[in-house]
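Given chain A's structure and the hints, the job is docking chain B onto it.
For the record, the sequence lines run as chains A and B.
Under the numbering used here, residue 309 is the last one in the first sequence; the count climbs by one each step, no gaps.
Under the numbering used here, residue 309 is the last one in the second sequence; the count climbs by one each step, no gaps.
In case anyone wonders, no lab produced these hints; they're calculated from the structure.
Keep in mind the model is a prediction, meaning the values are calculated, not measured.
Keep in mind that a hint or two might mislead.
Copies of one chain are not kept apart here, so a pair can be met inside one copy or by any two copies together.
To be verified - No more than 20 angstroms apart at the CA atoms, straight line, and that leaves these computed lysine to aspartate or glutamate pairs for EDC-like:
1. Lys213 to Glu266
2. Lys176 to Glu224
3. Lys183 to Asp218
4. Lys56 to Glu66
Protein chains: 2
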Amino acid sequence: MGKKLGFIGLGIMGTAMAENLLKKGYPLIAFNRSAHKTAALSKLGAEVAPSAAECAASCDVLLINLPDGPSIQELLFGPSATAQSLRSGSTVVIFSTIAPREAVQIARALGEKGINCLDAPVSGGDIGAKNASLSIMVGGERQIFDQQLDVFEALGKKISFMGKSGCGQMMKAVNQIAVALSVAAMTESLVLAKNAGLDQQAALEILQSGAAGSWSMSNYAPRILSGDLKPGFFAKHMLKDLQIVLEESRALGLSLPGANLMKELYQSLCEGPGAELGNHALIELYTRHC
Amino acid sequence: MGKKLGFIGLGIMGTAMAENLLKKGYPLIAFNRSAHKTAALSKLGAEVAPSAAECAASCDVLLINLPDGPSIQELLFGPSATAQSLRSGSTVVIFSTIAPREAVQIARALGEKGINCLDAPVSGGDIGAKNASLSIMVGGERQIFDQQLDVFEALGKKISFMGKSGCGQMMKAVNQIAVALSVAAMTESLVLAKNAGLDQQAALEILQSGAAGSWSMSNYAPRILSGDLKPGFFAKHMLKDLQIVLEESRALGLSLPGANLMKELYQSLCEGPGAELGNHALIELYTRHC
Chain A
20 MGKKLGFIGL GIMGTAMAEN LLKKGYPLIA FNRSAHKTAA LSKLGAEVAP SAAECAASCD
80 VLLINLPDGP SIQELLFGPS ATAQSLRSGS TVVIFSTIAP REAVQIARAL GEKGINCLDA
140 PVSGGDIGAK NASLSIMVGG ERQIFDQQLD VFEALGKKIS FMGKSGCGQM MKAVNQIAVA
200 LSVAAMTESL VLAKNAGLDQ QAALEILQSG AAGSWSMSNY APRILSGDLK PGFFAKHMLK
260 DLQIVLEESR ALGLSLPGAN LMKELYQSLC EGPGAELGNH ALIELYTRHC
Chain B
20 MGKKLGFIGL GIMGTAMAEN LLKKGYPLIA FNRSAHKTAA LSKLGAEVAP SAAECAASCD
80 VLLINLPDGP SIQELLFGPS ATAQSLRSGS TVVIFSTIAP REAVQIARAL GEKGINCLDA
140 PVSGGDIGAK NASLSIMVGG ERQIFDQQLD VFEALGKKIS FMGKSGCGQM MKAVNQIAVA
200 LSVAAMTESL VLAKNAGLDQ QAALEILQSG AAGSWSMSNY APRILSGDLK PGFFAKHMLK
260 DLQIVLEESR ALGLSLPGAN LMKELYQSLC EGPGAELGNH ALIELYTRHC
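Chain A extracted, bound-state conformation (with noise of 0.2 angstroms):
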């Protein structure tokens, strides 16, 4: 504690985030480019700075949750130049999901300023923000991480360091292979069940009970049945991770063609309005059938 905590990007997930450290005690800087977004974060006792540069400025740990890549290189390195803003031998964490590739060049960027930088990607969704329940996978240097391990276990509960810069963002990525095609597995299921008319609560439930089973089955198909396909996590964040899988996985020389083909479906569901739903909307693209 005593550091001060500056945060940027305030989202569903970065405010539920930064509630969670005002709740905790920490001394909290916020900045958001849509500056009613840090209203309910004012009334909690965070400052709020008026430009990303003040809020870089004043801060010991710049937390971050921009929705991607190339907004975060604008943040840090664009016009704004909130890098040069930053105190030598403060460190920044990255919560969003990005390429691993570009946690590194990001980190390398700022090491040659003197500025530490750990990539931090999350999974919980809103949820898991809202309780302090997140899963983070953290990648950077060891005795950085351990500096800030007071500020993971805030907002989540299974934090686990991965490596060097990169590997948390690589272990978000093989994540997402796993949850991408769970979500295939149930969806897949779910459409043959009900095209062959078999009763779908009963299918559903020997679909949980054995083999078949998963997170996905027990979360996302009730809801599926329930008719609510509203996001907890967005099908248009799959697609994206997924994009970053395959970037990752051509780059290193494999071929993962379950990845592949989920990466397709995707696109396919978020060229139109399924992008705005969740990640279980993908049986949309089946329900020509149902």
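Below, chain B without anything else, positioned relative to chain A:
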């Protein structure tokens, strides 16, 4: 009770199931083409029939666990004409996984002779068969199902009546889609983790704990990390089941790209020695990278 059971098809599963029925006190007569497979059952009190026809002639309920549809067709309607030996009013229960439409055909042909038929494929593998903890998915007439419920309860824990003839098999097809794609989810995430140089054990802990979690992840991934690709469930049987899935989904006018990919992958695996490994040996297809 009181009814006499016949049992034909004493592989690993069939033998374990017959043993459970004997232990529960059912009179049981067994037949197997390889006679040595009836020896252990004989010690537990089973009669041994000298032919399939004599087995059929002396039982009230004939339980069949042969490997596939054609072998069941041949048993019942081929040269040995076992169906001719069945008494009118007796019941055939098919535990094998066969095509739903083949189950319908067999039930219709038996029905013309006044013989009842239930399709009752199981899941839970050799361990479920031994522990009498199988899931059993049953199709046929409800009244006939009710009459044989005691037999099913002697063999399994989750007994589900799914509807008319073929619906048990259709439920099994639905289940196998989810199993196969869950195996792919587990496999491709482990392959990327390994090739990216992540600690696989640490990665597995994260994969099990969130939205990537599945029965496959918790049960197969640890076996893979310890180098154990031995079958619980054979890869060649997964291929057979996926072929059934695709025939049925095509007949319904459905396109299931995930199931289709899995069929192709298991076909590649089964062209080599992978056929005799467990279905989690799918990772062998990726090992030139591992």
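The hints, checked one at a time:
When the C-alpha separation of Lys213 and Glu266 is checked against a cutoff of 20 angstroms, the pair qualifies only between copies, where the shortest distance is 16 angstroms, while the shortest distance within a copy is 35 angstroms. Proximity of Lys176 and Glu224 under a CA criterion of 20 angstroms is satisfied inter-copy only: 13 angstroms between copies versus 29 angstroms inside one chain copy. For a Cα distance limit of 20 angstroms, the shortest separation of Lys183 from Asp218 across copies, 12 angstroms, qualifies, whereas the shortest one inside one copy, 49 angstroms, does not. For the homomeric pair Lys56 and Glu66, the shortest alpha-carbon distance inside one copy (13 angstroms) is at most 20 angstroms, but the shortest distance between copies (78 angstroms) is not.
Going down the numbered hints, you'll see the structure goes against none, and every one checks out.
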